[in-house]
Amino acid sequence: MMESRLSRAWQSDFLWSFRRSPTAVVSFFVVLVLVLGAVFAPLVAPHNPFDPSSLNLMNGFSKPMQPNAFTGEAFWLGTDDQGRDVFSTILYGMRISLFVGFCAVLFAMVLGVTLGLIAGYSGGMVGTVIMRIADVQLTFPAILVAMLIFGIAKGFTPVHLRDQMAVWVLIFAIGLSDWVQFARVVRGATLVERKKDYVQAASLNGRKAVGIMLRHILPNVVGPVLVIATISLALAIIAEATLSFLGVGAPPTQPSLGTLIRIGQGFLFSGEWWILFFPATTLLVLALSVNLLGDWLRDVLNPRLR
Amino acid sequence: MLAFVIRRVFQSFVVLLVVGLVAFSMFRFVGDPIENMLGQERTGADIERLRGQLGLDQPFPVQYFKFLTGAAQGNFGVSYRQGRPVADIIAERLPATLELASVSAILAIVFGLGLGVFTAIRRDGWAANTIMTLSLVGVSLPTFLIGILLIYLFAVELNMLPSFGRGEVVDLGWWRTGFLTESGLKALILPSITLGLYQMTLIMRLVRSEMLEVLRQDYIRFARARGLREKSVLFRHALKNTLVPVITVTGLQLGSIIAFAIITETVFQWPGVGLLFINAIQFVDIPVMAAYLMLISVMFVGINLIVDLLYFVIDPRLRGDSSKATA
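Chains as they are written, first to last, in UniProt numbering: chain A, 1 to 306; chain B, 1 to 327.
Honestly, the hints are just simulated from the structure, not real lab data.
We put the CB at the ideal spot given by N, CA and C, even for glycine.
Don't take every hint at face value.
If you only want the chain A side, here are some residues facing chain B, beta carbon under 8 Å, derived [as the list claims (entries may be wrong)]:
no. : residue
1   : Leu-218
2   : Val-222
3   : Leu-226
Chain B residues, not near chain A, derived (Cβ > 12 Å throughout) [what the hints assert, rightly or not]:
no. : residue
4   : Ile-106
5   : Arg-122
6   : Pro-142
7   : Phe-179
8   : Ser-183
9   : Ile-258
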């Protein structure tokens, strides 16, 4: 039973086209390795960069792959000014980057899909107002909206909680800057589905509007939502990195990849290139792989290309 | 046409009112203005007096209206951090941003158009292919990494160009320009490339795909059959017709250039309004944030309005009454 199910899944269109696309396979495994590395950072990382007792200032500015002149310890990707292992800080930083990215996209998705369903299914005044707001927001670049929301939300958080709350404020700001795409696509799809017989039938059967939206229409708009979610994830990771790089994101006590790049930029002129180079490369590889995966997903799920 | 213009202007007005409401709410509800302005030694009478002076005892709509009329006259209050009128600070820094943005926009348009046409004509050439591949990398690189990369190459390794600041500026009274000194021009190079690169790739890819589309049309084949010179076919017949969507996108991108200047200005410590805004967020300097929000929305809404109206000027099909156009 189990085996036949597995083999059926293996034979499905979806996995078939996955196996046929080297880009998809490679980027999937890259993302998988990075995500696993981030999730299991405490197990994988050779050092804990947030535990002061494991740091030795003498290890500061060790070059990658070379034993330190004072202690003789070697670090794969070198260390920063305080002797923190760059490889470990990247793993922990990626944890925050991915966490913010995933949560922000989830937030944007739930908000956008809900508003899109309502706008598409009920139409009328509510729908018009929702879509007007979406149009207005769309005229401003998402990153600008995220910065503004971050600034306002930061103003609302009590001063002593600001550093602690920064990650949640980031999620809120990036998520809120990104719901429009979801809402527009879901509304469009809902407008089409609403006219179809099965929805009419469910409606005649006395199903409530909420039930129809969730049980009947939602499953039929999952495809495009999934594509937007993947592409949004890449954008959210870059948005988070940009905000943190600008100093209006994750605080230095909880450095994300963007914060690490911000810190590394300070050492650019003194020749410690590895403190900047490795976090930047990690960010690039991560964003690029998620993007490529999203592109592939869009092609597979696009019925017009089949 | 007139109805359309009136509707668009009205819509823009509503958007600005909403943004104004957001900006005003920031003033009103983020922190307590009284708290920010009075020191530790204050009495209940002081608070009441200032509340009356600032008009905070009046109803919300009245306060909102006062804020809007103030904003329209360029009065945004006093920066919490610098203790100077926000309008002065912005007026001082706006030239830097506008100079950077205009140079980037010109770079993006000139190179975007040129490379777009080139890659469309030499579609299968190795140079065109290289440019297209590079443009993919350019699109996926975050702006701030491009800036850092350029700093590393041209400031750290080659030591040719400055990595931060505006260089020497010449004071023209109300406008301080970096265009007139050598160090000012040198300082412009890296930031303007950083800021313009993304827009350039966008324009280039758009021009290329539009151009390829147009070159397939019958009238191009016909123009060639008439024996017109290739240059005339490409530029007078083909390029002219690709320009409608290109102008739209370019116009809308101008707004993004001003917004993305925030990132570039931070990387290069360029003393413009974007850097001012980032510092305002870091220190929760609400008046500066609100003023920047209003400023940038006026620019955005204005640009969008102009682009929409430009449609009529560029596309003859939209001019005149619609019955003639469809006939």
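Results for each hint:
1. A least Cβ separation of about 30 Å between Leu-218/A and chain B goes past the 8 Å threshold, and the interface hint is therefore violated.
2. The beta carbon of Val-222/A is not positioned within 8 Å of any beta carbon in chain B (closest approach about 27 Å), and the interface hint is therefore violated.
3. Interface hint at Leu-226/A: violated, since its Cβ lies 21 Å from the closest Cβ of chain B, which is beyond the 8 Å cut-off.
4. Listed as outside the interface, Ile-106/B is consistent with that label: its C-beta sits roughly 20 Å from the nearest C-beta of chain A, beyond the 12 Å cut-off.
5. At roughly 26 Å, the least C-beta separation between Arg-122/B and chain A is larger than 12 Å, which holds for a residue marked as non-interface.
6. A cut-off of 12 Å between C-beta atoms contradicts the statement that Pro-142/B is not in contact with chain A; the least separation is 5 Å.
7. Residue placement check: Phe-179/B keeps its beta carbon more than 12 Å from all beta carbons of chain A (closest about 27 Å).
8. Even its closest Cβ contact with chain A, about 19 Å, leaves Ser-183/B beyond 12 Å, as expected for a residue assigned away from the interface.
9. Its beta-carbon lying about 9 Å from the closest one in chain A, Ile-258/B breaks the requirement of being farther than 12 Å from that chain.
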